[in-house]
Amino acid sequence: AQSVTQPDIHITVSEGASLELRCNYSYGATPYLFWYVQSPGQGLQLLLKYFSGDTLVQGIKGFEAEFKRSQSSFNLRKPSVHWSDAAEYFCAVGGGNFGNEKLTFGTGTRLTIIP
Amino acid sequence: DTGVSQDPRHKITKRGQNVTFRCDPISEHNRLYWYRQTLGQGPEFLTYFQNEAQLEKSRLLSDRFSAERPKGSFSTLEIQRTEQGDSAMYLCASSLGAGGAYNEQFFGPGTRLTVL
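Residue numbers (our numbering), protein chains in the order written: chain L, 1 to 115; chain Z, 1 to 116.
Calculated from the structure, these hints are not laboratory results. If a hint is listed, it holds; no wrong ones were tucked in.
Have a look at the derived ranges for each label pair, beta carbon to beta carbon: (1) L/SER80 / Z/THR20: 39 to 49 Å; (2) L/SER80 / Z/GLY16: 47 to 57 Å; (3) Z/HIS10 / L/GLU15: 27 to 37 Å; (4) L/ILE9 / Z/GLN84: 20 to 30 Å; (5) Z/ARG64 / L/LEU46: 25 to 35 Å.
Owing to the predicted nature of the structure, the values given are computational and were not obtained by experimental measurement. Glycine included, C-beta positions come from ideal geometry on N, C-alpha and C.
Using the sequences and the hints given, assemble the complete structure.
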């Protein structure tokens, strides 16, 4: 069965500093991988996705993620965080016949930004 | 372009009561998904529809839960004889699905259920 591990429950970063959120997955085949962001009172928003090809993927809001098959990881990065990035971040792996019928999410990483 | 909407946004009920939630997907989307998110956890898949057909149900969806999408548009999720463990955020998502092609799942704001 597919699974996702986000080892960091809570991360605090200073505004302007770089960010890396960790994600490890378990999946039998080539995974479909996603990062979503959830702000209070808001729905989940897709930041970026990986299906195949270039292992470094660019997303919205200046985020990027790198797929490393050897490490079963898909870490999210941002070179300089803004106060508006404070939110909950979820890594997910797609399952089903075509990788998108259902998503399995990690437990999330809550990001706090300090001035 | 309106997004996925869910109604109600909040529901407080007493244990043993029945509740029903509604999800209206993005109009042209043929796939609709239900997830449940408890405090401190990521969303967990419950079920999904392609048009009006319910194609998969999670083991999390006990006999007290039923979901429908009668005309392939909006969907309802009913919980019978609610228990305190049902307290959670119920998320709906929709996508324009076609076999072999990925299409993003767009999420609604969720319905927060509190069972007293």
